[in-house]
Amino acid sequence: MAAKKKQPVRAKRAGSSASGSIEQLLAAKEIVIHCGSGGVGKTTTAAAAAAMAAVHHGGKVLVVTVDPARRLANALGLEAFGNVESQVPPEAFAAAGVEPRGELWAAMLDTKESWDDLVRSHAPDAATRDAILANPLYKNITGRFVQSHDYIAMERLYEIHSSGRYDLIVVDTPPTRNAIDFLEAPERMADFFSSRLLRWLTVPARSRMLTMASKPFYSVADRILGSKFLEDIAEFFLLFQTMYDGFVERAEAVTRTLADKRTTFVVVSTLESAPVREAEFFVDALQERGLHLGAVILNRVLPSWFLEDGTRDAATVLCSDADRLAGELPDDLGEHDQVERVLHEVGESFLNFQVVAKREAEIRAELAAAPDVVAAVPYFDHDITDLAGLLQLGEKIWH
Amino acid sequence: MTELLDRRLLFVTGKGGVGKTTIAASLALLGAQQGKRTLVCEIDAKGNLADFFETGPTRFQERELSPGLWAMSMDTEESLKEYLRLQLKVPLVARIGPLARTFDFVANAAPGVKEILTVGKLLWEVREEHYDLVVVDAVASGHITGQLAAPQAIQQLVQVGMVRDQTDWMIEILADASRTGVVIVAAPEEMPVNETLELAGRLREETVVDLAAVVANRVLPELFGRGEEEIFDALNDRERSPALHEVLSAAVGGPVRELLDGAQLAVRMRRTRGVHLARLREELPEGTPLLYVPYLFQRSHGVRATRQVAAHLGEELGF
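Residue numbers (this note's numbering), protein chains in the order written: chain A, 1 to 399; chain B, 1 to 319.
Don't read these hints as lab results, they were simulated from the structure.
Just to be clear, a hint being listed does not mean it is correct.
Only some residues are given here: those of chain B computed to face chain A with a beta carbon under 10 Å [to be verified]: (1) 17; (2) 159; (3) 191; (4) 272; (5) 274; (6) 303.
Using N, Cα and C, we set each Cβ at its ideal position, and we do this for glycine too.
Construct all of the structure, not just a fragment, from the sequences and the given hints.
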């Protein structure tokens, strides 16, 4: 495998509906966001796409991943992923027999650390910063706040992109309960900080009593949670509110980045019914929001020869006639009964997988309604343990 | 060890894509088949659970799907309403209006509130003994400890108030291994096995809930026994196979290359997965029951697949 000599083709209609290949897509965009249901291979396909871009297109390419397998870190030649970006050593490429045109960098998303960074950069003074970081509620909220993972992922992406350090950033999204959560995270974060409730929580206690009398809801909240707890929360948000302007402004900037024409989304799915349903849902969600769907990657697809009728007939013969067939084969192959069983198993295994392959083909036909680039990655019968494996997968999505 | 289905409350979790809902649905079906009044509850309101029984969508209000089997989907807002109705004993319908809009904010701002409304509703069903068995299609492994530890988190953060008052009995049921347990579903692949092992540790460190069992889902069949693998290898041997294929093709009356490739793929997949399965078996806390469910070569994942998985689980549990 060697890097291409010719200049990559730049897609001319950046921002318009994609057509062509993932190669063209990655050449035309600056941010590529891989999304989809959990367990479909977002991280691996993101790393593979980034590696391919670094090899063939050149420039500085960064892959940001949420929770990589240790093997993937090893595959990239990294000791471990950290919140800090680190370069995949040239030796890793050399071992794969490739001379990349550009550089491949990798980073992991550490939610807690990213939140701390955010507080540090937005806090008005050292005292407020320390008070927030030391607040017992802070950890709880940043760790458990439903949208906090989603938001911080998008925030970090914005931060890295606006630094201008990279030509291309490929991101793999956090496992969310709902695929579109992270799309709405920046907006919700802005809403949250400007919400009436937050303002209510942060007004001095005495005037709150007045408000409460007229608002049965708050009295219910008080009875459920207890006024002391509400006060604790209020104190925390009072501190947090000093960063209000910075946060809202930032959240809006993040939202703009997602909608920018230099950004594209890649929906990843396997051909199983639940992930595909989520993928379809996601495709619709992108369309509704006017965000750019660049490609759909179908991962772990069984080879198409499983679908052939001629082969199926041969498999059926193998199953029903294994005894006779074993007799036709040379004696030194093994005991007749064992050979018979092997032939029978081969036939049966094929028929089993054909059932799955047919199901996949049907699901794929349903998905065909989604236009744009569709790439199919075959079922790899081994784990990816090095850069060569990653690039091998990358080749399957590239053209 | 308490028999799995003798517990009253099972949280079924696992990494995304491993078949968590399949296993939850099948365990519930198996419970009902064993004559237990069973409730199965979907936490992520994606509406997938209904597909596994091929019934209409599930709602917060439980619905009997088949004799002895009820289903519901969690809705924290509905749970709060029910809780208020039961606890405040006031008809709140009129006052709950603004709740809907602002509830999300309170629940988000106050850590653990959404979680406790979820877990609380399920624990309530157990405490009141409305069912013999409650099976929860819970959140994925990344979020489950937050949910299970919510009552403790609330206890630490909240000093007074109604929510705090409820935490004692909740923790008591959660910590009772004869009543409550977690079932982790793993596919024999690298990341699902990693997450399973990691979660087994975190359950012990961060929650009071017992790990009841691990289900290894989609285990591929072993194609060849002793001696047979060598025969298969000979059939694929570069030197020897062309001649063998010719004989075989003529006898079969069709192509055999793809057949052997297909079997080769199956053998390699099984081998790769076998390594992860072995790791799972070795590194799980000692004494954790490990149940195997085979890969189903199925056209779809409807109620038929649910029944088959239930049958396999039943066999594993010795029914």
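For each hint, the structure was consulted:
1. Contact between residue 17 of chain B and chain A, as hinted, is supported at the beta carbon level, the nearest pair being about 2 Å apart and thus within 10 Å.
2. Because the closest C-beta pair between residue 159 of chain B and chain A is about 5 Å apart, less than 10 Å, the hint holds.
3. At a threshold of 10 Å, the smallest CB-CB gap from residue 191 of chain B to chain A is about 5 Å, leaving the interface hint in force.
4. A least Cβ separation of about 5 Å between residue 272 of chain B and chain A falls short of the 10 Å threshold, and the interface hint therefore holds.
5. Violation of the interface hint for residue 274 of chain B is found here, the shortest Cβ-Cβ separation to chain A being roughly 12 Å, above the 10 Å cut-off.
6. With its C-beta approaching chain A no nearer than about 14 Å, residue 303 of chain B sits outside the 10 Å limit, and its interface hint is violated.
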